[in-house]
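Whenever a hint applies, use it, and build me the whole structure from the sequences.
What follows is each chain in one-letter form.
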Amino acid sequence: MQTETFPTPTAKPKAGASIANAPNQPNPGTRSFSLNINGTRHPINVAPWTTLLDALREYLNLTGTKKGCDHGQCGACTVLVNGKRINSCLTLAVMHDDHEITTIEGLAIAETGEMHPLQQAFIDHDAFQCGYCTPGQICSAVGMINEGRAKTPDQIRELMSGNLCRCGAYPHIVDAITQVMNDKR
Amino acid sequence: MNPFSYTRPEAVADALSDIGQPKAKFIGGGTNLIDLMKENLEHPNKLVDVTRLPLGDIAELPDGSLRLGATVTNADTAYHPLVEERYPLLSKTILAGASPQLRNMATNGGNLFQRTRCYYFYDAQMPCNKREPGTGCPAMTGYNRIHAILGTTDQPAETACIATHPSDMCVALAALEAVVQVTGPNGDRSIPIADFHRLPGNEPQRDNTLEPGELVTSIDLPPNGFKDHFTYIKIRDRSSYAFALVSVAVGLEVGEDGNVTNARIAMGGVAHKPWRKPEAEQLLIGKPATDETFRAVAESLLDGAVGYGHNTFKIELGKRAVVRALQEATLKSERAKE
Chain R
1 MQTETFPTPT AKPKAGASIA NAPNQPNPGT RSFSLNINGT RHPINVAPWT
51 TLLDALREYL NLTGTKKGCD HGQCGACTVL VNGKRINSCL TLAVMHDDHE
101 ITTIEGLAIA ETGEMHPLQQ AFIDHDAFQC GYCTPGQICS AVGMINEGRA
151 KTPDQIRELM SGNLCRCGAY PHIVDAITQV MNDKR
Chain X
1 MNPFSYTRPE AVADALSDIG QPKAKFIGGG TNLIDLMKEN LEHPNKLVDV
51 TRLPLGDIAE LPDGSLRLGA TVTNADTAYH PLVEERYPLL SKTILAGASP
101 QLRNMATNGG NLFQRTRCYY FYDAQMPCNK REPGTGCPAM TGYNRIHAIL
151 GTTDQPAETA CIATHPSDMC VALAALEAVV QVTGPNGDRS IPIADFHRLP
201 GNEPQRDNTL EPGELVTSID LPPNGFKDHF TYIKIRDRSS YAFALVSVAV
251 GLEVGEDGNV TNARIAMGGV AHKPWRKPEA EQLLIGKPAT DETFRAVAES
301 LLDGAVGYGH NTFKIELGKR AVVRALQEAT LKSERAKE
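Going line by line, the protein sequences match chains R and X. The opening position of the first sequence corresponds to residue 1 in my numbering, with each subsequent residue numbered one higher. The opening position of the second sequence corresponds to residue 1 in my numbering, with each subsequent residue numbered one higher.
Do not take every clue at face value.
[Unchecked claim] Keeping only pairs whose Cα atoms sit at most 20 Å apart, straight-line, the calculated DMTMM-like set for lysine to aspartate or glutamate is:
no. : chain 1 : residue 1 : chain 2 : residue 2
1   : R       : 84        : X       : 158
2   : X       : 332       : X       : 228
3   : R       : 151       : X       : 84
The hints are simulated quantities; they were obtained by calculation from the structure and are not laboratory data. Since the model is a prediction, treat every value here as computed from it, not as a measurement.
Structural data, given as C-alpha cells:
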C-alpha cells in the first residue's frame with residue numbers, strides 16, 4: 001500500500017508567527033518574554049493567546065509534548081510546572097514566564113543520556129503501542145509520584161485517569177509506574 | 001481564540017481597575033475559560049490574570065471558619081491538612097471531579113464560574129438562550145440526557161433553559177453553607193453560596209448574582225464541617241473523570257440516641273445550581289435513621305422534578321442516590337459507636 005507523502009508545511013501559524021522569526025519587527029499583538037524550560041531560558045515572542053502547548057511545539061521546537069484533543073480531556077499535552085502536572089493546552093504561555101517548566105525532553109539526564117526511571121520502565125513493561133500518549137503519561141506519572149498520594153494499583157488508575165491511551169496499554173502503564181514506585185521505596 | 005490583551009496585576013485594587021470594561025474577564029486556572037474561548041463561546045478583549053494576587057492562602061478565621069483563598073488550586077485545597085481534617089466532605093468532593101492535571105490548575109474562585117456542559121450551549125451553531133438570549137432551547141426537545149430536572153424554565157420558549165451547573169465542588173459548598181467573599185467597584189460583600197448561583201428564571205444567560213467588575217476573593221467555610229458523618233456520591237457514565245449525572249453531598253450530625261440532629265443535603269447534576277431544600281432536610285431531624293425516613297426525604301427533595309425524555313431516569317436515580325448517601329453517612333455514625 002502506498003502512503004502519500006505530505007509536504008512539510010512552510011507556513012507558520014497565523015498568530016505572531018512571522019514575528020517569531022523576525023524579532024526586530026515588533027507586532028503590537030505579540031509580547032517578548034522568556035520561558036524556563038528544562039533548566040534553560042528560552043526567549044520567545046508570541047501573542048497572549050498562544051497556549052503553552054503551542055509555544056512549546058510551534059515556536060520552541062519542543063515537539064515531545066503532544067497535542068491530542070486540545071481541550072484538556074486526553075492528557076497528551078501534560079507537562080510539569082513547578083513540579084506539578086498540568087494540561088499545557090489549557091493555559092497561556094504568557095502566564096508562565098516566572099515558572100519552571102519540565103517537558104518530556106527534560107526528564108533524561110542530559111550529560112549521560114541516561115533515561116528517567118519512568119522512561120526505562122515504560123520500555124521494560126511495553127507500556128505503549130503507538131506511543132502518542134506516552135510523553136503525557138510519563139510526565140503525568142512523574143507528577144503523580146511527586147504528589148505521593150497513590151499507593152495501590154487502583155489509586156494509580158484513578159490518579160492517572162486524566163491520561164487516555166486509545167491503544168489500551170493501561171495494564172502495562174500501571175505495571176511500569178508500580179515498578180518505579182516500588183523501586184523508590 | 002480571538003485576540004485579546006493580557007495584564008497580570010499583583011494587587012486586588014489594580015485587578016479591579018484593570019477589569020474596568022464589560023468585555024474584559026478575569027482568568028485564574030483558565031481550564032474552562034480557555035476551552036470556551038477555543039470553542040468561540042467566550043471572546044473577551046482583555047484577560048486579567050488573578051493568579052498572582054495575594055489570595056493564595058488557606059487560613060483559619062477567629063470565629064472558627066476556614067478561609068479558602070480564591071486563587072488556591074482545587075488540588076491544594078483538597079489535600080490541605082485543615083481541609084482534610086475539618087472538611088473531609090469538601091476534599092472528597094473536589095477529588096471526585098475533573099482530572100489531577102485540571103485540579104492542579106483550576107482555582108477555588110474559578111470553580112464557581114464553570115459554565116454548563118450542555119451540548120447545545122457548547123455548539124456555537126445551535127440556538128441557545130444561555131449563549132444568545134431569545135434564540136430558544138433545543139435541549140428541551142433534543143438530546144437531554146445530562147440536563148436538569150429541577151428548577152428549569154420551560155416557558156416561554158425565548159427564555160427556556162434546562163442546563164445544569166457542572167461543578168462537584170459547589171455541591172459540597174452548598175451542603176457546608178459556604179460564604180463567597182467578593183470585592184468590587186462598590187466595595188466588599190458576602191454572598192451565601194445558596195444565593196451565589198441562580199436558577200435560569202427569565203434570564204438563563206446569567207449563571208450567578210455577581211455584578212460586573214466584582215472579584216471573588218475567598219470562599220469561607222463555617223466552623224461545622226460535618227466531619228463525622230458525611231459522604232459524596234457521584235453517579236456518572238464512567239467511574240472516573242466524567243461529569244455527574246446525579247451527585248449527592250450529605251453532612252449529618254447524629255445524637256447519642258442515634259437520631260439525626262442536623263442534616264444538610266445538596267444535589268448536583270439536577271439543576272442550574274446545587275439543589276437544596278431545607279424542608280426535606282427537616283424531615284430527618286429527631287428521626288431514627290431508617291430507609292423509610294430516607295425515602296421520604298428523597299421524595300421531598302425531588303418533589304416537582306420534571307423529565308424531558310432522555311433525562312427522565314434522573315428522577316428515580318436521584319431519589320435512590322439520596323437514600324444511598326444517607327445510608328452511607330449513617331453507617332459511619334454506627335462505625336463510630338463501635
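Which hint numbers does the structure go against, in order from smallest to largest? Of the numbered hints, just 1 does not hold.
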